[in-house]
Amino acid sequence: MSQRKGDLYTFGFATVICVVCAVILALAATALKPRQQANVELDVLVNILGTVGHDVSALKKQTADEVFQVFQKEFETLLLNKDNQPVNRADLEQALATVGYPTEELSAQSASALLTRYEGKKALLARRAGEKMATYEKGYKLLYKHMNSSDEVDAYVIPIDGYGLWDNMKGCLALEADLNTVKGITFYEHKETPGLGARVTEAAWQAKWAPENAADKKKILDENGTLISIIVAKGNVTDDDPLKSHKVDGISGATLTGNGVNEFLKADLERYEPYFQTLRSQRSGR
Amino acid sequence: MSEATASPKAEVFGKKERQMVKDPIWDNNPVTLQVLGICSALAITTSLQPALVMCASLTAVLCGSNVTISILRNFIPNKIRIIVMLSVVSTLVILVDQLLKAYAFDMSKELSVFVGLIITNCIVMGRAEAFAMANKPWPSFLDGLGNSLGYSVILILVATGRELLGNGSLMGFQVIPQAAYEAGYVNMGLMLLPPGAFLLLGIIIWIQRTMSGHFED
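The listed protein sequences derive, respectively, from chains C and S.
Taking our numbering, the leading residue of the first sequence gets 1, the next gets one more, and so forth.
Taking our numbering, the leading residue of the second sequence gets 1001, the next gets one more, and so forth.
Derived from the structure by calculation, the hints contain no laboratory data.
Keep in mind the model is a prediction, meaning the values are calculated, not measured.
Yeah, the Cβ is synthetic: ideal placement off N, Cα and C, and Gly gets one too.
Some hints could be false.
Unchecked claim - SDA-like mimics (lysine to any residue), calculated; alpha carbons at most 20 Å apart, straight line: (1) C:K61 x S:A1104; (2) C:K33 x S:I1094; (3) C:K60 x S:S1112; (4) C:K191 x S:Q1098; (5) C:K170 x C:L269; (6) S:K1109 x C:V40; (7) S:K1079 x C:G12; (8) C:K33 x C:I17; (9) C:K33 x S:M1107; (10) S:K1109 x C:R199; (11) S:K1109 x C:N168; (12) S:K1109 x C:G162; (13) S:K1109 x C:E189; (14) C:K60 x S:M1107; (15) C:K61 x C:E74; (16) C:K191 x S:D1097; (17) S:K1079 x C:G6; (18) S:K1109 x C:P34.
As the list claims (entries may be wrong) - Some but not every residue of chain C turned toward chain S, in silico, with C-beta under 7 Å: (19) T10; (20) F11; (21) I17; (22) I24; (23) L25; (24) A28; (25) L32; (26) N39.
Isolated chain C, as found in the complex:
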């Protein structure tokens, strides 16, 4: 260490270290990717099941296949296009192929994973074209229908995502069969501050979205049927608040995370609202 080495040696050594580290990391990332992706997909299913009242900790003890079977049995996945027409998987695969994904990779993936890739690619293209993340139009949307034992829909689950404080957050919102009352919410991917914004993943906070007492239930529509969405309040919601049934207690120290949630939750609900209206009128017409 004491001998003097030339600048050329220093540059050479730095280059070698960089290349070796990069190769090791690239190999590890490639080798572990399938397993990691499987974990992420399983986590999404567990979260969807969690919003309709399944015990998440019990689900986590089961194998991936068992969870998948529960999901298959209880849920019907519906893929809608921009005009709210149900489409099948092949159309989405087609759309992905047109934005440049190798088709042979697509067939093995879940609809949710396909959609993530499609939206990711669209967002990238939008950003390159100089559009803002929030303003570009999302093409397809997913709707999970939860079936009860007599084969009737008793809940709808929609994926929600958007910016929190630091980065993109992903989660699911479950609505009762009336498409108005909130049944549950969950967040499974986020980079919010641990201990502050990250508390959106805590069961105690998520429980505030779906209170036990029927009178306290949170609604996304007002009395006239106009979409209000759910608002994460700053601080606690007071009893005399006129928007009480649309507001959830905020997390102290995480106002900006709450603002982010408010923004993207409303945007997501607005995208689904036209289709929800058709579903609601079908329901009341029955």
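Fit chain S to the supplied structure of chain C, relying on the hints for placement.
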């Protein structure tokens, strides 16, 4: 901390080597005496299980980085030694993070950024600079092991205290019986918040220094 620690006739696991592992666990503990690595010691000790995973991750990174740096020590140009150490450490940390994501997904979600923050854990860089740069691989490995054990002991103590007092459970299992709650026992919510970790850590340092007679001038 000189070349003398690794004299040519050093045994594989003689008295000196045992001392090297034992010393940082108690007498020269990196957390309580050198007060390094506090950030993660406070952040992930609300319950025992993540603390254990964190200890295992740090042990893997610290031993790995000490051995790697020690093997490379005669080739690393002095001018860029810190950045080289940092590259080695970050590579190891990212590897650990990727492995956790693949094989312990829930744990990696719970530990979130704190696995990545091992890169900035002062113990890792400290041992690389102070020990591994001047010693052979085997002593460096032992030094890394000793220091990570020292860190682990404190993490486990703090996490046990916080989970037991704050949640009444250990490793997720309820320890304090329901009867105690019915009799009016209340969990100490403060323990789950950052001040709880500071208080416990302070008490541990106090007890340890009283026992070992360590005194700051």
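Hint by hint, here is what the structure shows:
1. Restraint check for K61 (chain C) and A1104 (chain S): the C-alpha separation of about 13 Å stays at or below 20 Å, so the hint holds.
2. A distance of roughly 14 Å separates the Cα atoms of K33 (chain C) and I1094 (chain S); the hinted pair therefore holds under the 20 Å criterion.
3. Under the criterion of a C-alpha separation no larger than 20 Å, the hint pairing K60 (chain C) with S1112 (chain S) is consistent with the structure, at around 18 Å.
4. Using a Cα cut-off of 20 Å, the hinted pair K191 (chain C) and Q1098 (chain S) holds, with the two alpha carbons roughly 17 Å apart.
5. Between the alpha carbons of K170 (chain C) and L269 (chain C) the distance comes to roughly 14 Å, so the proposed pair stays at or under 20 Å and holds.
6. A distance of roughly 11 Å separates the Cα atoms of K1109 (chain S) and V40 (chain C); the hinted pair therefore holds under the 20 Å criterion.
7. A hinted pair counts as satisfied when its Cα atoms are at most 20 Å apart, and K1079 (chain S) with G12 (chain C) qualifies at roughly 13 Å.
8. Between K33 (chain C) and I17 (chain C) the CA atoms are separated by roughly 24 Å; this puts the pair beyond 20 Å, and the hint is violated.
9. The suggested pairing of K33 (chain C) with M1107 (chain S) holds, with an alpha-carbon distance near 17 Å, which does not exceed 20 Å.
10. Taking the CA atoms of K1109 (chain S) and R199 (chain C), the gap is near 13 Å; set against the 20 Å cutoff, the hint holds.
11. Of the pairs offered as hints, the one joining K1109 (chain S) and N168 (chain C) holds, with about 15 Å between alpha carbons and a cut-off of 20 Å not exceeded.
12. Straight-line distance between C-alpha atoms of K1109 (chain S) and G162 (chain C) comes to about 19 Å, which keeps the hinted pair within the 20 Å bound.
13. Restraint check for K1109 (chain S) and E189 (chain C): the C-alpha separation of about 9 Å stays at or below 20 Å, so the hint holds.
14. Simply put, K60 (chain C) and M1107 (chain S) have alpha-carbon atoms about 12 Å apart, close enough for the 20 Å limit, and the pair holds.
15. For the proposed pair K61 (chain C) and E74 (chain C), the alpha carbon gap of about 19 Å is at most 20 Å, so the pair holds.
16. Distance check on the hinted pair: K191 (chain C) and D1097 (chain S) sit about 15 Å apart at the alpha-carbon level, within 20 Å; holds.
17. Restraint check for K1079 (chain S) and G6 (chain C): satisfied, since their Cα atoms lie roughly 10 Å apart, inside the 20 Å limit.
18. For the hint linking K1109 (chain S) to P34 (chain C), the alpha-carbon distance of about 17 Å falls within 20 Å, and the restraint holds.
19. Below 7 Å, beta-carbon pairs count as interface contacts, and T10 (chain C) has one with chain S at about 4 Å; its hint therefore holds.
20. Taking 7 Å as the C-beta cut-off, the interface hint given for F11 (chain C) is violated, the closest approach to chain S being about 9 Å.
21. Against a cut-off of 7 Å between C-beta atoms, the interface hint on I17 (chain C) holds, since the closest Cβ of chain S lies about 5 Å away.
22. For I24 (chain C), the suggested interface contact is upheld, since its CB lies about 6 Å from the closest CB of chain S, less than 7 Å.
23. With a cut of 7 Å, the hint placing L25 (chain C) at the interface with chain S holds, because the nearest CB-to-CB distance is about 6 Å.
24. Hint on A28 (chain C) holds. Least Cβ distance to chain S is approximately 5 Å, under the 7 Å limit.
25. Hint status for L32 (chain C): holds, given a least beta-carbon distance of 4 Å to chain S, under 7 Å.
26. Restraint check, N39 (chain C) versus chain S: the minimum CB separation of about 4 Å is within 7 Å; hint holds.
Consistency with the previously given hints fails for numbers 8, 20, ordered from lowest to highest.
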